[in-house]
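Hey, can you work out the whole structure from these sequences and the hints?
Number of protein chains: 2
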Amino acid sequence: MHSMRSPNLSFIILLFLSFHTSLLVSTHKLHPLDPLTPFELNQLQTLVKKSHPNVTFHYVGLDEPDKHEILSWMSRTRMSDFVGPRRAFVIARADSKSHEIVVDLSKKLILSDKIYYGSGYPMLNIEEQTIATELPLQYAPFKASIAKRGLKLSEIVCSAFTNGWYGAKHTKRVITILCYYLDGTINFYMRPIEGIMVTVDLDEMRIVDYRDRQIVPVPKADGTDYRESEQNPPFDTRIKSMTILQPDGPSFTIDGHRVRWANWDFHLSFDMRVGPIISLASIYDHELEKYRRVLYKGYISEMFVPYQDISEEWYYRTFLDAGEFGLGLSAMPLQPSTDCPKNAVFLDGYYTTRDGTPAKTSNVFCIFERYAGDVMWRHSEPALPGDVAEVRPDVTLVVRLVTTVGNYDYIIDWEFKQSGSIKVTASLSGILAVKATPYTHKDQLKEEESFGTLVAENTIGTRHDHFLNFYLDLDIDGEANSLTKSHLKTVRVSDDGSPRKSYWTVVEEVAKTESDAKIRVNSGSTEIIVVNPNKKTKVGNSIGYRLIPGSVAGSLLWEDDYEQIRGAFSNYHVWVTPYNKSEKYAGGLYVDQSHGDDTIAKWTLRDREIENKDIVVWYTLGVHHAPIQEDFPIMPTLSSGFELRPANFFEYNPVLKVKTPKLVKWVNCSA
Amino acid sequence: MHSMRSPNLSFIILLFLSFHTSLLVSTHKLHPLDPLTPFELNQLQTLVKKSHPNVTFHYVGLDEPDKHEILSWMSRTRMSDFVGPRRAFVIARADSKSHEIVVDLSKKLILSDKIYYGSGYPMLNIEEQTIATELPLQYAPFKASIAKRGLKLSEIVCSAFTNGWYGAKHTKRVITILCYYLDGTINFYMRPIEGIMVTVDLDEMRIVDYRDRQIVPVPKADGTDYRESEQNPPFDTRIKSMTILQPDGPSFTIDGHRVRWANWDFHLSFDMRVGPIISLASIYDHELEKYRRVLYKGYISEMFVPYQDISEEWYYRTFLDAGEFGLGLSAMPLQPSTDCPKNAVFLDGYYTTRDGTPAKTSNVFCIFERYAGDVMWRHSEPALPGDVAEVRPDVTLVVRLVTTVGNYDYIIDWEFKQSGSIKVTASLSGILAVKATPYTHKDQLKEEESFGTLVAENTIGTRHDHFLNFYLDLDIDGEANSLTKSHLKTVRVSDDGSPRKSYWTVVEEVAKTESDAKIRVNSGSTEIIVVNPNKKTKVGNSIGYRLIPGSVAGSLLWEDDYEQIRGAFSNYHVWVTPYNKSEKYAGGLYVDQSHGDDTIAKWTLRDREIENKDIVVWYTLGVHHAPIQEDFPIMPTLSSGFELRPANFFEYNPVLKVKTPKLVKWVNCSA
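Chains A and B supply the protein sequences, listed in that same order. First residue of the first sequence: 1, per full-length UniProt numbering; consecutive thereafter. First residue of the second sequence: 1, per full-length UniProt numbering; consecutive thereafter.
Treat each hint with caution, since some may be false.
It does not matter which identical chain is meant; a pair holds if it fits inside one copy or across any two.
When the alpha-carbon atoms are kept at most 27 Å apart in a straight line, the in silico DSSO-like pairs for lysine-lysine are as follows [claimed, not checked]:
#1 446 to 535
#2 446 to 512
#3 342 to 240
#4 220 to 657
#5 342 to 659
#6 535 to 659
#7 659 to 240
What the hints contain is simulated information worked out from the structure, not anything from laboratory work. None of the values given here were measured: they were computed from a predicted structure.
As structure tokens, then:
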């Protein structure tokens with residue numbers, strides 16, 4: 001929801017190492033979807049700064065080849081060199097204007113440079129947030145406010161909040177700075193200095209508005225620190241040691257950014273805006289003896305986190321985290337053995353700092369094989385002699401990234417199953433956004449003023465939602481696909497001969513245009529299936545993949561409310577659009593203070609045809625969060641997700657022939 | 001959905017071992033909720049057979065002490081001997097009548113013996129199904145039917161199906177026998193001999209009706225066998241070895257049937273009808289330095305599996321698996337290293353055969369610590385110097401049972417989390433119930449006659465549902481609880497001062513009577529919370545546990561349809577009743593051919609008060625299943641579940657003080 005960085009940017013490693021650059025200087029061996037290398041980022045910085053000396057960088061990512069080029073390259077041979085341009089897409093600010101710059105890295109030239117005149121601003125970079133959050137500490141009225149409260153300036157930490165948009169015709173590129181108190185805890189989010197709002201103009205980098213509306217006691221530090229070193233007994237019994245062992249190593253291979261495991265083959269990229277991008281996911285069909293395409297591309301296109309407090313200091317907190325703060329930019333180095341199991345392999349990610357210098361986030365991804373003790377399939381057959389019981393344990397492959405957007409931590413897992421499923425799980429943890437209150441007991445609170453739960457003395461956990469929109473460019477066995485709504489419909493039996501009065505059947509409805517494919521998932525009686533209408537199984541079923549939603553929470557805000565206009569993708573759980581390279585983000589390209597004129601709700605008003613086309617499914621996973629005391633001072637993980645599951649994609653169970661894993665006797669292990 | 005056993009009952013071990021009986025002769029050390037021991041079952045058999053020499057046994061289970069006795073025992077000291085009677089409840093058939101017999105095992109006498117005159121019949125025992133399924137093989141008209149089809153009698157396997165109830169005033173205790181073909185496969189379920197129905201009177205144990213309505217080609221054996229030994233290349237790449245190691249052993253202890261792990265303490269029992277029973281689940285609160293009660297008792301009270309084919313041979317297949325076939329009776333010995341991970345500990349279960357002799361199912365439960373690579377909670381704090389990143393991996397405890405009710409395998413997991421959650425997962429695998437058809441391509445099928453998907457040539461996977469009703473006697477910090485519906489309600493902002501037009505708030509509604517607590521979960525905007533209205537946290541929140549449903553599928557059948565009257569619990573996802581020891585099964589005590597007069601839908605018509613009472617929550621987890629080709633010839637697991645999660649039960653995050661597990665370096669391991 002909001003982000004902030006201290007000036008101690010120790011995790012940003014400047015890349016001047018000749019070792020790295022020499023390794024990466026040749027682009028020959030690059031996969032066309034590989035993220036920009038540090039060398040390329042350096043190249044690009046030089047080129048852009050030549051034409052704009054005072055530029056600041058806000059987004060740099062791969063401007064990938066057109067889909068038809070990629071597909072044609074794939075169809076030739078999956079391992080050949082890609083012959084095509086290597087381009088970057090840059091959003092930068094110069095002279096208080098947003099520039100969209102396309103750079104050809106092969107030719108070392110700027111292909112285009114245009115100014116964006118529409119509503120909204122680009123992603124905030126980390127450095128401007130850091131600078132802005134330090135401005136109040138030098139600002140006399142702020143210092144006076146702190147003194148008036150009897151607080152120590154040295155214990156203040158401030159954080160940057162985007163402002164949303166509430167109908168203003170003209171906007172400037174401003175953010176709100178809110179401040180917190182340390183003084184005995186590192187969990188400053190639990191100690192908001194309520195009532196003070198500092199507005200900073202990011203282009204001018206100065207305070208342009210300052211309000212100190214009210215003094216509210218700062219909640220106490222006791223019990224807020226979550227570090228192990230700060231806990232006092234009694235402790236929980238420590239669980240005995242437990243680990244996963246793979247003596248022969250993992251079963252996956254990573255070749256650059258291409259990952260192969262069991263029957264899966266896919267490409268994993270890192271993007272500073274959306275975080276992980278899964279591309280070209282194909283599954284090997286042993287019957288057909290070939291890889292078959294499933295997912296051309298999948299990533300989190302936007303995240304919408306509206307808080308449900310309408311007071312002056314809170315109403316605007318309706319964040320679009322991906323487009324405002326960057327899920328990749330906010331990704332954290334994963335902690336070995338805790339964030340990921342011991343058998344995990346880690347990958348780094350690169351992004352661009354304010355001045356265009358490349359920076360690395362180490363261990364931004366982990367990849368591991370997961371065995372949770374689950375069963376892939378089984379059957380016991382007591383009806384036959386010989387104790388028939390066939391069981392296959394379920395081992396899957398997980399790609400993980402953790403993005404910490406300010407207080408909240410999102411653990412994003414893309415999980416590949418041998419059975420053909422792709423399961424995506426978002427697990428939420430981190431720190432609540434809380435509001436300070438003078439009250440210490442629920443009885444003192446007026447419901448219409450609290451907007452949340454008293455999670456501790458003087459501490460209200462404010463209600464909010466998380467809506468994660470997933471861009472899913474499914475290419476089920478080819479590009480031309482259709483969305484089928486399979487309605488499970490009750491039939492009243494008219495046949496006098498049957499003792500039954502009712503049964504359900506399946507009525508298939510093919511979504512012909514975009515308006516047919518706006519779906520709210522709530523009754524569980526409609527199956528959403530993406531089919532390839534041009535291919536059938538041997539017995540004549542449409543080849544498809546089913547989207548199995550894991551949550552039915554949808555936005556409860558009015559559709560004409562400003563924040564909901566911007567986060568309009570949460571009006572429905574499912575939308576479908578015809579593939580359009582320019583439609584990448586369900587909330588639009590520029591979301592900070594946007595007017596919501598570039599959202600999926602607007603695009604789909606054209607009601608384009610989507611039947612038997614190259615289509616994109618946009619699925620929104622939603623979680624309502626009415627905080628509870630267990631969320632204080634740090635939240636136990638809450639998980640939600642969805643599954644893409646083959647549905648008549650294979651002729652029969654694709655894991656029928658998976659062999660039982662070899663039993664291994666472990667001897668002589670010592671700890 | 002249906003069950004059948006061959007005469008090879010090799011897994012039933014008759015218990016005449018003096019070793020066992022001497023160990024178990026004393027009941028002093030028994031927990032009052034321990035299941036009946038083999039010694040007690042033998043005792044009981046002798047007593048019952050003395051008064052009814054020709055009795056057949058259909059259910060034997062613990063007749064547990066009244067709840068107030070258990071609670072008073074618990075409150076005294078958790079480890080003291082229970083002084084109270086040890087009783088068994090028996091349902092037996094004698095002279096074609098159902099007897100309910102209560103036996104006092106301490107006093108070695110029958111306390112009561114009454115005949116049940118209501119509708120419906122008791123659970124089928126395994127032996128009578130076995131005998132009944134062999135009758136057709138000796139029956140001339142059946143042999144003629146088989147010969148007419150050109151099939152080999154030696155390759156026939158038959159299975160017992162309950163008939164449901166379709167309005168008949170008078171019923172006899174009959175079942176339908178349907179037969180299948182082996183001849184080249186062990187997966188006979190994929191080879192139905194369609195068109196033949198044999199009706200067997202179980203009391204008279206003879207065929208009372210026989211129909212051979214039509215000849216349909218038996219689907220071919222090719223591709224149906226699921227055994228590893230029968231597969232041909234190409235095979236999938238085998239995943240490399242992977243295992244879980246716990247060098248210091250598990251962190252749980254099992255003392256008889258009492259399990260203690262981390263902060264949890266609960267009792268696990270086995271019942272031949274419902275399978276696993278979790279009782280007296282309490283969690284240790286380190287702040288209060290005491291165990292606090294959560295779940296007095298939890299188990300699957302009934303399972304409803306209606307098929308959606310109204311043809312003569314199929315319409316009645318609307319099974320109530322728990323009450324008809326027994327989830328415990330159908331439980332399978334778990335396969336080490338595949339059904340459960342290598343670190344699992346196994347427990348046996350005992351049930352009663354037709355003549356009252358105790359039998360054992362080895363390894364009926366497994367208990368293991370699960371580490372799936374998940375995170376319990378985490379936060380990185382880039383705003384502060386020092387690379388703050390605290391992460392706690394999530395280790396949980398799983399209790400598993402697999403019940404194979406005929407063709408279907410249900411993997412039932414009760415998972416305990418250190419954070420206080422109890423998560424229940426039902427994973428469905430096994431074999432589809434299919435219908436033979438002359439057709440080999442979808443184009444030949446008429447939708448109104450197929451009732452399913454052509455999953456292979458001549459093979460229709462018939463549509464059906466699975467509704468699992470969970471009995472959840474939650475005692476949140478004491479017996480007197482209330483059900484709160486927390487409605488997330490949109491508020492239109494009338495305040496001209498706020499730029500917001502809407503937000504959502506929480507409106508709590510306490511269910512006062514049973515009719516208030518009939519809930520269909522579909523919009524995701526109502527939180528279902530069981531609270532203890534007599535206890536508050538320090539800041540004044542009601543202490544509670546939230547029920548988080550994992551599925552929104554509800555029954556699509558008309559409420560006045562016969563099978564739906566019997567499976568009426570599936571009308572709603574949630575029901576609440578005041579605790580009543582006699583209300584154990586949502587579908588009633590006698591469900592085979594019952595008229596649905598003892599269901600939760602009938603009990604709750606009294607509309608009893610449920611506010612601040614000892615209440616029971618009945619939750620139905622539902623899955624619609626429209627089969628797909630991937631389900632052929634054996635189904636990849638499909639999981640669904642729900643979570644009971646503390647909500648203001650603790651003053652703060654109960655796993656805040658959980659220490660990071662010790663990092664263990666493994667050396668010298670050899671495979």
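Practice prompt. Can you give me the call for residue 446 and residue 512, within, between, both or neither, at a CA distance of at most 27 Å?
Written response: between (50 Å within a copy, 24 Å between copies)
Practice prompt. Tell me, please, which holds for residue 659 and residue 240 at an alpha-carbon limit of 27 Å: within, between, both or neither?
Written response: between (32 Å within a copy, 11 Å between copies)
Discussion item. One pair to classify: residue 220 and residue 657, alpha carbons no more than 27 Å apart. Within, between, both, or neither?
Written reply: between (60 Å within a copy, 19 Å between copies)
Item to complete: Have a look at residue 342 and residue 659 and pick one of within, between, both or neither, based on CA distance no larger than 27 Å.
Response: Classified as both; 25 Å inside a copy, 17 Å across copies.
Item to complete: State whether the alpha carbon distance between residue 535 and residue 659 is at most 27 Å within one copy, between copies, both, or neither.
Response: neither (29 Å within a copy, 54 Å between copies)
Fill in: Alpha-carbon proximity context of residue 342 and residue 240, limit 27 Å
Answer is both; intra-copy 15 Å and inter-copy 16 Å each pass.
Worksheet item: Can you tell me if residue 446 and residue 535 fall within 27 Å by alpha carbon in one copy, between copies, both or neither?
Response: The answer is between: 21 Å across copies meets 27 Å, while 61 Å in one copy does not.
The structure fails to meet hint 6 from the earlier list, while all remaining hints are met.
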